[in-house]
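Engineer: Listed below are the residues making up each chain.
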Amino acid sequence: MTYGYYPGCTLKTKAKELDVYGRLAAQKLGILLEEPENWQCCGGVYPQGEDEIATKLSSVRTLAAAKEKGQDLVTLCSACHHVLKRVNLDMKNNETIRQRANNYLKLDTPYGGETEVIHYLELLRDKVGFDNLKNAVVKPLKDLRIAPYYGCLLLRPGKEMGFDDPEDPTVMEDFIRALGATPVKYSQRNECCGGYVTLENKDAAKRRASTVASSAADAGADLLITACPLCLYNLEANAGPSALPVKYFTELLAEALGVKEEL
Amino acid sequence: MQKIGVFVCWCGSNIAATVDVKAVAEALKDEAGVVFSTDYQYMCSENGQAMIRQAIKDYGLTGIVVCSCSPRMHEATFRKTAVSAGLNPYMVEIANIREQCSWIHKDMAEGTEKAIVLARAAVAKLHRNAPLTAGTSPVTKRALVIGGGIAGIQTALDVADAGFEVDIVEKSPTIGGRMAQLDKTFPTLDCSACILTPKMVEAAQHEKINIISYAELESLSGFVGNFTATIRKKARYIDEDKCSGCGVCTEKCPSRKGLDDFNMRLNKRGAVYIPFAQAIPNVAVIDADQCIHFRTGKCGLCQKNCSAGAIDFEQKDQLIERQYGAIVVATGFKPIDASQFNEYAYNDSPDVVTSLEFERIMNAAGPTKGQLVRPSDLEHPHEIVFIQCVGSRCSEDAEKGKPYCSKICCMYTAKHAMLVREKYPDVNVHVFYIDARTPGKNFDEFYRRAVEQYGVDYIKGMVGKVSVEGKKLHVQGSDLLNGEQVHINADMVVLATAIEPDPTARSLGTMLTASMDTNDFFTEAHPKLRPVESPTAGVFLSGVAQGPKDIPETVAQAGAAAAKVIGLLAKNELTCNACVAHANEAVCNGCSQCERVCPYGAITYEDREIRTPEFRGVRRIATVNEAVCQGCGACTVTCPSGAMDLKGFTNRQIMSEVDAICR
Chain G
15 MTYGYYPGCT
25 LKTKAKELDV
35 YGRLAAQKLG
45 ILLEEPENWQ
55 CCGGVYPQGE
65 DEIATKLSSV
75 RTLAAAKEKG
85 QDLVTLCSAC
95 HHVLKRVNLD
105 MKNNETIRQR
115 ANNYLKLDTP
125 YGGETEVIHY
135 LELLRDKVGF
145 DNLKNAVVKP
155 LKDLRIAPYY
165 GCLLLRPGKE
175 MGFDDPEDPT
185 VMEDFIRALG
195 ATPVKYSQRN
205 ECCGGYVTLE
215 NKDAAKRRAS
225 TVASSAADAG
235 ADLLITACPL
245 CLYNLEANAG
255 PSALPVKYFT
265 ELLAEALGVK
275 EEL
Chain Y
7 MQKIGVFVCW
17 CGSNIAATVD
27 VKAVAEALKD
37 EAGVVFSTDY
47 QYMCSENGQA
57 MIRQAIKDYG
67 LTGIVVCSCS
77 PRMHEATFRK
87 TAVSAGLNPY
97 MVEIANIREQ
107 CSWIHKDMAE
117 GTEKAIVLAR
127 AAVAKLHRNA
137 PLTAGTSPVT
147 KRALVIGGGI
157 AGIQTALDVA
167 DAGFEVDIVE
177 KSPTIGGRMA
187 QLDKTFPTLD
197 CSACILTPKM
207 VEAAQHEKIN
217 IISYAELESL
227 SGFVGNFTAT
237 IRKKARYIDE
247 DKCSGCGVCT
257 EKCPSRKGLD
267 DFNMRLNKRG
277 AVYIPFAQAI
287 PNVAVIDADQ
297 CIHFRTGKCG
307 LCQKNCSAGA
317 IDFEQKDQLI
327 ERQYGAIVVA
337 TGFKPIDASQ
347 FNEYAYNDSP
357 DVVTSLEFER
367 IMNAAGPTKG
377 QLVRPSDLEH
387 PHEIVFIQCV
397 GSRCSEDAEK
407 GKPYCSKICC
417 MYTAKHAMLV
427 REKYPDVNVH
437 VFYIDARTPG
447 KNFDEFYRRA
457 VEQYGVDYIK
467 GMVGKVSVEG
477 KKLHVQGSDL
487 LNGEQVHINA
497 DMVVLATAIE
507 PDPTARSLGT
517 MLTASMDTND
527 FFTEAHPKLR
537 PVESPTAGVF
547 LSGVAQGPKD
557 IPETVAQAGA
567 AAAKVIGLLA
577 KNELTCNACV
587 AHANEAVCNG
597 CSQCERVCPY
607 GAITYEDREI
617 RTPEFRGVRR
627 IATVNEAVCQ
637 GCGACTVTCP
647 SGAMDLKGFT
657 NRQIMSEVDA
667 ICR
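Protein chains in written order, with the numbering used here: chain G, 15 to 277; chain Y, 7 to 669.
Okay, chain G solo, but in the shape it has when bound:
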């Protein structure tokens, strides 16, 4: 199985673990992830304005490049996935945006949202299958009580992201079970970590992060896992006394598959 793979800027700098372990695990599972040449920043935040296409163009370039290679595009970072997925839908469904972006980019063939954007967790669930993943695990993470942290960007808006039920998601729980660990269900798993508010209003971000962490801790979790570098930052830096260890889900995956290397 060969897929296009979009790491995004943060995974090359602050969140190397997310990227490296994701690749190692994919390799072990027989999945070839091909990073396109010359990819650019996804834009960081999904631009909701309809009158400005400049902020969507870098995403469109990546999506069009995947189309040229005839590949589905796998993402890892929640934020990148969110931006790429929604810009892709805009290119598919919004006539004005599609026309203006294509007019500007002057691609060989116009891009109309043909690329399939798949998050790494969706890849595991829908293409690999959690049963197969379970069979591939060589080092089950027994005795580990893991709280999956979904955050907002993977789940909402539910209809557009089509990732999981935003109010009752299960994909990370199933992932944790496949690794042999025990998922811990807690109420704040699909609530906001504080996000970029941490730059503007530290107190508000601290309230959010500590609520999430203490909800998981009260439910008996040993650690939190996430797919998002910003969530990881907030949960580590802003959760205060209730903070739990936070890891990228790919790190545990690599560990369970026996391919984890110290970075």
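There could be a bad hint or two in this list.
Stated by the list, open to error - Computed far set for chain G versus chain Y, every beta-carbon distance over 10 Å:
1. 28
2. 31
3. 55
4. 79
5. 123
6. 205
As the list claims (entries may be wrong) - For lysine-lysine, the following DSS-like pairs were computed, each having C-alpha atoms within a straight-line distance of at most 25 Å:
7. 406/Y / 199/G
8. 471/Y / 413/Y
9. 205/Y / 106/G
10. 199/G / 471/Y
11. 199/G / 477/Y
12. 141/G / 261/G
13. 478/Y / 199/G
14. 471/Y / 220/G
15. 220/G / 478/Y
16. 173/G / 406/Y
17. 216/G / 471/Y
18. 447/Y / 466/Y
19. 190/Y / 555/Y
20. 555/Y / 173/G
21. 173/G / 408/Y
These are calculated hints, taken from the structure and not from any lab test.
Note that CB positions come from ideal geometry on N, CA and C, so glycine has one too.
Dock chain Y against chain G, hints included.
Structural biologist: This is chain Y only, laid out in the frame that chain G set:
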């Protein structure tokens, strides 16, 4: 050659504002066969009709074209006008220059041109019209009511009181429906069972009513006045005639894993059970999935203990075939599945319940014997939050939920809130609402009593999330009037779930060819003027199957549906449709395709002796039962050889219209 009169209606300004009616009348004078053409302000008025009658006499007209509104509006009027002047009613053609012309055009020149073309097409068709005579069909004087809730019971009682036989087909083991599950009813707070059970008993004892419980409609054929229904009576493994309803079997049954549907699955019941104390028929039923005998072949304790010898493990489903003149759909509703709304933690905590579950908890015959306790630990709650509009009034593009208002939730939530405060003044009650919708006699007074006398805390706003934090339910919502977030640590949360049509409605609608809206509510023949009839002749609507309504409205509609049924069954015969299909025996090759597409089973085949210049001998030919044919035309478009034709809409007539339009 026909002598045709053309009558162009202004319909006040409805047509005349966009169509130059005088120009239309003038243009039609040049059409072949048209000997008279005029316009008038209101052709449907007495004066307009008199003008038509006079013209028929003065000019010896053999047919008329009325350019007016849709034939759905006044075709019948003008046919009667023609008949009174001595014409055959089928020598009338309507050119719809209102709905299909003036109302959808803005430009006078365009509208006028189209009106002329439509009128020419009608004239061209009329040239090929022939007088038709309608036959009659008898009426079977028995009604079928599908659904034995309050709607079905009321309709059945009213029809039966008028002297007609009624069968109630109910899919569960007892009649009573949703109303039987309610504790109290608004706005009077009288006990639901106390007012329902007398009606159930009355229906059971009525000599004209036959209750077929634990049964569903399997198939249906025929048409108004002459339906043939096949009803599947499911095996309940109990002989209904022998069972006395003593209940010994239900006590002896060692299987205790079945969930009690009547109590909204809040408690367990035996594999053999009687749904509730006042069930009708008061006969037990065996749940084969739970029964140890069916699963292992052992046990049989119920059989050993039944003094009446009523247990029959060998019982099979039974098919009952019966004729009916009218059918009433009273299939009711179910609450929407709350598990898809996990923002309210319904899947995460047993202390988050739906309103119907709460109804059972509050009921003396319910799982807690009427004691208000939390399902998780049976402790008395001190803080209860009610959330309204769960699944109702969702935007069209929402991921889940219904776009409509379920209509009853504001009132039943006010009722619940009031009952809690009345019985347990120590309990704080909060209600989150979008709008408090309480129109109805004594309804708003009732709601205000909850707020003003009982001190229920109404918070305008919705709840964003309910999270389980230990033994508490943390409710986070918004108070729109104060513009602030609200956090309540509750012991119980009650969800006022939307109501949706019973899941059996969709397949039933297909079987009855009765149309439904996108929400699976049955559509009425006219939203204002024919609210209890379905567009399918002989099928009537009663209760929530047609749309959300409360008990008084349901009973009123049930009575109205009964009146329509009585009106139909009181007739000895019905005039059939004259526009029926007919097979040309010289062309028919007996391929059977028409037989397969006919939704009414009106087409059969017979071997007939044919004598034509080309062929002599016996051939298999389609034959149409004119009393059964409804003139839908499915066979005519299916017929590969063009043998099938619809009287009044023959292929030649249609082609003449097309030719006239394309001229």
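Engineer: Identify every previously stated hint that the structure contradicts and give their numbers, smallest first.
Structural biologist: 6, 9 and 20
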